[in-house]
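Number of protein chains: 2
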Amino acid sequence: MVQQFYVDAALRSRDAGFDIIYVYGSHSYLPLQFLSPYYNKRTDGYGGSFENRSRFWIETLDKVKRAVGDECAIATRFAVDTLYGDGGIEVEQEGLRFVELADPYLDLWDVNVGDIAEWGEDAGPSRFYKTGHQLPWQRFVTAVSKKPVLGVGRFTDPEKMAEVIRSGQLDIIGAARPSIADPHLPNKIDEGRPEDIRTCIGCNVCISRWEIGGPPMICTQNATAGEEYRRGWHPERFPKAGSDDSVLVVGAGPAGSEAARILLERGYTVHLVDKADKVGGYVNDVATLPGLAEWGYHRDYREFQIDKLLKLKSNKHSQLALGQKAMTADGILEYGAEKVIIATGAHWNKNGFNGLTKEPVIGADADLPYIVTPEQIFEGKKALGKKVMILNADPYYMAPSLAEKLALDGHEVTIASGVSVGGYMEFTLEHPNLHRMMHEQKIEVISDVWASEVQEGRIELYSQYGEGSVRTYQGPGNLPRNANTTHKWHDFDTLVLVTGRSSNVGLYNELKARKGEWAANDIKDIYLIGDAWAPKLIADATFDGHRLAREIEEQQAQYPLPYKREVHVWGQAYIPGEDHSIKYQE
Amino acid sequence: MVQQFYVDAALRSRDAGFDIIYVYGSHSYLPLQFLSPYYNKRTDGYGGSFENRSRFWIETLDKVKRAVGDECAIATRFAVDTLYGDGGIEVEQEGLRFVELADPYLDLWDVNVGDIAEWGEDAGPSRFYKTGHQLPWQRFVTAVSKKPVLGVGRFTDPEKMAEVIRSGQLDIIGAARPSIADPHLPNKIDEGRPEDIRTCIGCNVCISRWEIGGPPMICTQNATAGEEYRRGWHPERFPKAGSDDSVLVVGAGPAGSEAARILLERGYTVHLVDKADKVGGYVNDVATLPGLAEWGYHRDYREFQIDKLLKLKSNKHSQLALGQKAMTADGILEYGAEKVIIATGAHWNKNGFNGLTKEPVIGADADLPYIVTPEQIFEGKKALGKKVMILNADPYYMAPSLAEKLALDGHEVTIASGVSVGGYMEFTLEHPNLHRMMHEQKIEVISDVWASEVQEGRIELYSQYGEGSVRTYQGPGNLPRNANTTHKWHDFDTLVLVTGRSSNVGLYNELKARKGEWAANDIKDIYLIGDAWAPKLIADATFDGHRLAREIEEQQAQYPLPYKREVHVWGQAYIPGEDHSIKYQE
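If you read the sequences in order, they're chains A and B.
Going letter by letter, the first sequence gives residues 2 to 587 in the working numbering.
Going letter by letter, the second sequence gives residues 2 to 587 in the working numbering.
Take the hints with a grain of salt, since some may be wrong.
Copies of the same chain look alike in the list, so a pair counts if it fits in one copy or across any two.
[To be verified] Cut-off 27 Å, straight-line C-alpha distance, at most; resulting in silico cross-link-like pairs (DSSO-like, lysine-lysine):
#1 K42 <-> K516
#2 K489 <-> K443
#3 K383 <-> K351
#4 K42 <-> K537
#5 K279 <-> K312
#6 K351 <-> K42
For the record, the hints were derived by calculation from the structure and aren't laboratory data.
Keep in mind that this is a model prediction, so the values were computed, not measured.
Pulled out of the complex, with its shape left as it was, chain A reads as follows (with noise of 0.2 Å):
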């Protein structure tokens, strides 16, 4: 009955018009968990023995051959090493058994490896395997089997692509996250501009965006990523300019860099300055941590696109102008723009303030010489001592990551954290290898705490559910929360405070107290983005210089304009008459 349930929907796959059809056995799908004696428990002739292992699958790809006949190509995904040793599937056991008995029965083959337990050994991000980290796995199923054979690995470069189809360990390449990062991937190698392909990064937001189930999927590097059709966003056209107006963009970060480019695309006359020597803003901080190199991508495609706009004819009148000193309110007003967009970013906050009490650490102060920021770690100026504590209260990278990076350089490391430790990690696919790192580097972790006061070479912690019994209130007037928990002393010869990121908004607020001079001054409107409107994800930010750019002559631009929404109707597959394709903006 279940494989009749793969026959019948690959009939409803051939009729709708596809010309492949999956039988999928990857990431521990049903035929995957037939095959592997790591699910495979069966007593009856569907277990045991390789052969009855293999039944389920067999069986349906030959089904499916026979029930859609030559009309489809048959294809199956297979995780042609489980990467549970011998406890699942080998790929020179049991692996390529698979792929010799299987090869009749289909046209195409999928190959990766690993399982659905730890995806991210498939879907790696950058931050632990590079480019085509599947190929060692890959290439021994080409060689095996007289069917093409497809893969992914984040392939990204032409040269690298061309070279594992010349040296034959793939037949075809496969590319899913550097499509998510640029849709129009394939056509630029077509065009002969591999400089203009916006590399994947690797950092796994997309894939953060499913893990959770609920919110739309983003990209890091690309901002039109899922809102083709719900703003009109093609990835690579944009809207001509709707005025003569110029623009200001202060802040060369990501949503800095983001915004002038697509303002350039536009046609728009733009000034983007920074205080920094490099576009890329906190980007530039970001990728020098272990193993976050390739983020840098995001810096480097702004970079490259901005200067090859700016020697545009059309865009004569821009500029970019780094290394400048910092813009004051005085030098924006007078500067003869007409608009100006300030994007000014975030910093760590230097007194412990942490959205989990809303306030300040007692004793805490980066103007201290024993207590650091991260941005102080990356500037190198402070002298830190043998004994690192991290204050933590961010559920992302920096804290393991500033902790993997004082453990390489011989730092005794230990975070006292507040929230899960690198638990957004958990939805990027990092969180296995995040761990087995801190392991190996012996870093660490107390966990549930947060801390009560600072004094120079030591912290006092408490439990955060330490009130000495579960919740309970007679009533008003109860304790506040923590109130009889136990504080302990901890010692540290260095403090890193990663307790929370505050923008950098300052400009922003002084020119729009000053806002009765704007007109004086032709300016018509002043908007704030990224980390400086609210400190937020790298694609958060790039999005937000995006949409500003895309609207820019909205009467309320600072604010989005409404999208299309997506509406639930219960039990209707169609709407005949109805239009549904794709309106860009033009």
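Start from chain A and add chain B according to the hints.
Showing chain B alone in chain A's frame:
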């Protein structure tokens, strides 16, 4: 501008025909973020003093009121105490001051407590909070306000509701979870049959699906929740029996008792048999765990309804047979029923078999005197030593509940866990108080480990992150996961195996193997439901029984009929001419 969003939404609501418009401020919604000093750090006219922090909310109420005029009542939901002590809103301080201030601007108060960080302090699970636990706060508002005051509090008992109203603690009772468990709660009170109320057990499984964000809502008590439209299931009406078939139900646990109840409602002749002396199965054990007594309402409802249904003349050939000898395949074949439902439940694995390694644990055997399963603890026949180690691979309540029970009995308890202890309880809102309980009871947790071997008095654990390095591969032929890890022995007097459950499927498999004998014994079909089909949530087991009883006339009734699918239609709010009203199964 943001206040205008409220006004616009209110006008749309009025135009759509609504009578009451909420300016919602509980659960840390925006108005409360202005009011509470925990969130509000502003230095302008909307931050600082109580008057300034109140301003946003009061202005918004005023603007909404002016916009909709007298056509709609204006309500506000207000967490009168955020339970942070003086860092937030306290009822006797700013809570009541705000009630006095806002009272003239609205027509109805909806009062609760707590904030979004610990929503479980408001939507309290029965494990920690009883009916009406917010009353000590709510009644303050009723005393101060000149407007009617509504409050929730998992109110299920009409007597208690009446008492709360009569004593002036509240003016209106709100009931969300109790209405999910029984949408006809008000009708049943109105009709004078409170004994028919399907009482909410306060497990918060409904909320868990909301918290996860993806899957449809389910209810442990009410299998029709969310199925009204897509399956046409009315919560109180059932289609008449589609045949004269008699049905034997083996097992009176959640699945079997629900199947029998619905079949009796439909007019089938049903024999429900169980070895136990009581309806309820697994629930009878679970309800003895600390704080879970209310889960017994699940059993009570079915016990009472089945008893009542059996008294109907139309059910005179039906019967409930408890305390029976275990049914054998022979006994079932000869029983005389045309259809047989096997609902024999599941058991905790005695050999340490678990979902992490998909293998038993070497040396684990609950037939040994120093190793027990949860069932053996419930039975109470085995002596437990002072020092108890719980080996856990279950992400829900069993390990922490047994730990609490044993700690309360004076044992020293350690949980060695390969999964997050009570991880699913983050979604049921039980997590923070669960961890406070564990902290109070000095229950030690050894995280991120699994067991390699058990010997008398000791267990060998290894780190799940323990390859000694980030997981890397040079290609095939690598070490299996965990090969390089450090193993360490830990002492215990008694070891509890909470490693996984397996179906009691022997009886069904024997019957299936003797399918050739069914026809000769006038058996048309035999079905498998609940934990006996696959171990699952009580809610899902209940659903299994309900679903089969609704569809038992279908040819392949073992498998659910397809339901109406939700379809995403973009940019389309309403389809003229389409009828999307609920069509209940008749």
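Verification of the hints:
Taking CA atoms no more than 27 Å apart as the test, K42 paired with K516 passes between copies only; the shortest distance there is 23 Å, against 72 Å inside one copy. Taking the shortest alpha-carbon separations for K489 and K443, both the intra-copy value of 22 Å and the inter-copy value of 17 Å come in at or below 27 Å. Taking identical chains as interchangeable, the C-alpha atoms of K383 and K351 lie at most 27 Å apart only when both belong to the same chain, with a minimum of 14 Å there against 57 Å between chains. For the identical chains of this complex, K42 and K537 are inter-copy neighbours only, at 19 Å across copies versus 46 Å inside a copy, given an alpha-carbon limit of 27 Å.
In the homo-oligomer, the alpha carbons of K279 and K312 lie at most 27 Å apart inside one protomer (18 Å), although the nearest pairing across protomers, at 84 Å, exceeds that limit. When the C-alpha separation of K351 and K42 is checked against a cutoff of 27 Å, the pair qualifies only between copies, where the shortest distance is 17 Å, while the shortest distance within a copy is 56 Å.
The structure is consistent with each of the numbered hints, conforming to all of them.
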